[in-house]
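Enquirer: Sequence:
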Amino acid sequence: MTKTAEIAAGYDAAVAASLTMPTASPTAQDVTISAAAFAAEDAEGLAYVMQTHATHRDELLAAVAAATTVVAVQDLVVSYAV
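For the sequence shown, this note's numbering gives the first residue as 2, with consecutive numbering after it.
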């Protein structure tokens, strides 16, 4: 898996986890239903969660783009706060 694919997968997992806590293995349907419920109950909160994860994803992608060696890319730790 490339580092950018790892970053994208981490983003998807973080969004899914944020929307479906405490479900351990959410399905696509769980995510869809939870996102709709979250949007209906707290649209600003949903926007904040999505923006927070997107900002971190973009920071990680920028770090990959700025890396000057393969080792520097490999050393980037991909993690998201959930």
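Everything labelled a hint here was simulated from the structure, so no lab data went into it.
There's no promise every hint is true.
[Stated by the list, open to error] Label-pair restraints from in silico Cβ distances: (1) 66 with 24: 19 to 25 Å; (2) 77 with 44: 19 to 25 Å; (3) 13 with 41: 20 to 26 Å; (4) 42 with 65: 33 to 39 Å; (5) 26 with 53: 36 to 42 Å; (6) 2 with 52: 37 to 43 Å.
Glycine included, every Cβ here is placed at the ideal spot set by N, Cα and C.
Enquirer: Could you run down the list of hints and mark each one as holding or not?
Expert: Cross-check of the supplied hints:
no.	hint	in the structure
1	66 with 24: 19 to 25 Å	violated (34 Å)
2	77 with 44: 19 to 25 Å	violated (33 Å)
3	13 with 41: 20 to 26 Å	holds (22 Å)
4	42 with 65: 33 to 39 Å	holds (35 Å)
5	26 with 53: 36 to 42 Å	violated (23 Å)
6	2 with 52: 37 to 43 Å	violated (25 Å)
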